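J.: Chain by chain, the residues run as shown.
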Amino acid sequence: MLTMEEIARGVTLAEATGMTEELGRFIARLAAGEMAAGRLDTAREILEGLAVTNPRDAAAWALLAQVERRQGRVEAAWLCAEAAARLAPEDEQVRLVRAEVLLALPDEGERARSELSALAATPGPVGARARALVQALGP
Amino acid sequence: MSEVSSAAGTPAPTAACIDGSTPQAAARSAASAALALAYADIDRLVDKVPEMFRGKIREALRRRVATAWTFQVARSKAAAAGYAKPSASAARKTVAVQARPKSATTTAASAGAPAATAATTGSTRGEWGFLNDAHTSIEDKLFLFMSKVQKKNDDVLAAKMREYRDQFVDKKSGGGLLASVASAVKSVVPGSGVLLDALEQGLKSLGGPLLGALVSALGLPQLAPLALKLGADAGAFVASQIDSKSSSTSTTSASADEKTGSPDEKLAMLELQRLVEKQNQMFNCISNILRNLHETGMNTIGNIR
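Protein sequences, first through last, are from chains A and B.
Quick note on this note's numbering: the first sequence kicks off at 1 and runs consecutively.
Quick note on this note's numbering: the second sequence kicks off at 140 and runs consecutively.
Since the hints were made in silico from the structure, they are not lab data.
Watch out, some of these pointers could steer you wrong.
[Stated by the list, open to error] From the structure, some residues in chain A lie toward chain B, with a derived Cβ separation under 7 Å: (1) Ile7; (2) Thr17; (3) Glu21; (4) Gly24; (5) Glu48; (6) Gly49; (7) Pro55; (8) Gly72; (9) Glu75; (10) Ala76; (11) Trp78; (12) Val134; (13) Leu137.
Please read these numbers as outputs of a predicted model, since none were measured by experiment.
Think of the CB as a built atom: it goes at the ideal place given N, C-alpha and C, for glycine as much as any other residue.
In isolation and in its complexed conformation, chain A is listed as follows:
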């Protein structure tokens, strides 16, 4: 059983139930698959559950931010992206998700642009996406 005191101490539901990181990663990949297939409601439910189960999982918050943004809930996406950035500030993918969410917010274009410019030098698909977005934003 998970008690309120344990929650207040920071014990997660995943720790209490013995859910391993492997299972968590698997669930996150499953949700990503649902998102890729266009079933955003299903992906969102899965990711909300994963975020509640382990609030310290940055991947869950980042994926949830993407889902929320795609469903038009930009403000909720922003909160989720900020939570992910707090948990994993050095993760390039998380930074990219946050930058994309900032792009959707009014008057946050400059912050998004600076973040994307910083990510443009990153090797791999993250850097490619960041460069593409910077180019699309124009001068």
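Since chain A is already given, all that's left is putting chain B on it; use the hints.
T.: This is chain B only, laid out in the frame that chain A set:
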């Protein structure tokens, strides 16, 4: 997905021979049997997942298995050959979030209702009947006592906060418990008043559990129980309490009277602080008692050795 496909990689060979009519029918039988196997494996896997989103995950997994099954059998055999055995997982626990603290003994875990056993010095009925039960250990009594007092305090605290919200809805920033939540979320906002609307909308759209998870992710797990209880109300209240001092936007929906720093408001905040401090004192007291009991026991054991 490889876990599921590898776990159910081997189709039942005997199933293919059941009707024995045509090769196609046999293949379909084998596929159905293998699919049944895969679903059983899905259920075993999904049982480890918290109940709240078990249904959706099972549905998604079955959809993937059903669509990909006919193409994955041969590949799953090769995957199963070199697949590492999963490590022994922790014992499955029933997950229930309760206000009652975890008991150190099994008797306390089932003592939600007052124990109705024999040989008691007083009545064991009623909410506080466990105090008179001679069969309940002192530690269990302390745990139960703490849980009941905490629940009452939580209810009183939540009621006081709702009163505050109803009376002083002018969105003035103040001290108090929710200011901590506000400051935590405000730290997400880089001080710009422009994002206040976005923050309010974002917080309102989050449900209680997700808001609790959010404050945990932001480094304030001690506020998670409060967020869980107040839910969307907390989101709206916190958003209303956030007041960027450098913001030039004025928040609206105030009554005609100016209630800034009114004695009633200060009194209400002081009452909230008092309730929180009372709760903390109780926790500290119980914690000290339990620690002393434990140390006494350990000393006794050490002396015996």
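J.: Each of the hints needs a verdict: does it hold here or not?
T.: Hint check results:
1. Using the Cβ-Cβ criterion of 7 Å, the hint placing Ile7/A at the interface with chain B is satisfied: the shortest such distance is roughly 5 Å.
2. Because the beta carbon of Thr17/A sits about 5 Å from the nearest beta carbon in chain B, less than 7 Å, this interface hint is met.
3. The closest approach between the C-beta of Glu21/A and any C-beta of chain B is roughly 11 Å, which is over the 7 Å cut-off, so the hint fails.
4. Taken as an interface hint, Gly24/A does not check out: its beta carbon lies about 9 Å from the nearest beta carbon of chain B, beyond 7 Å.
5. Among the interface hints, the one on Glu48/A holds; its C-beta lies about 6 Å from the nearest C-beta in chain B, closer than the 7 Å criterion.
6. Below 7 Å, beta-carbon pairs count as interface contacts, and Gly49/A has one with chain B at about 3 Å; its hint therefore holds.
7. For Pro55/A, the suggested interface contact is upheld, since its CB lies about 4 Å from the closest CB of chain B, less than 7 Å.
8. For Gly72/A, the interface hint is violated, since its Cβ never comes within 7 Å of a Cβ in chain B; the closest pair sits about 11 Å apart.
9. Taking 7 Å as the C-beta contact cut-off toward chain B, the hint placing Glu75/A at the interface holds, the least distance being around 3 Å.
10. For Ala76/A, the suggested interface contact is upheld, since its CB lies about 5 Å from the closest CB of chain B, less than 7 Å.
11. Hint status for Trp78/A: holds, given a least beta-carbon distance of 6 Å to chain B, under 7 Å.
12. Hint status for Val134/A: violated, given a least beta-carbon distance of 21 Å to chain B, over 7 Å.
13. Because the smallest distance between the Cβ of Leu137/A and any Cβ of chain B comes to about 19 Å, over 7 Å, the interface hint for this residue is violated.
Violated hints, listed in ascending order, are 3, 4, 8, 12 and 13; each of the other numbered hints is respected by the structure.
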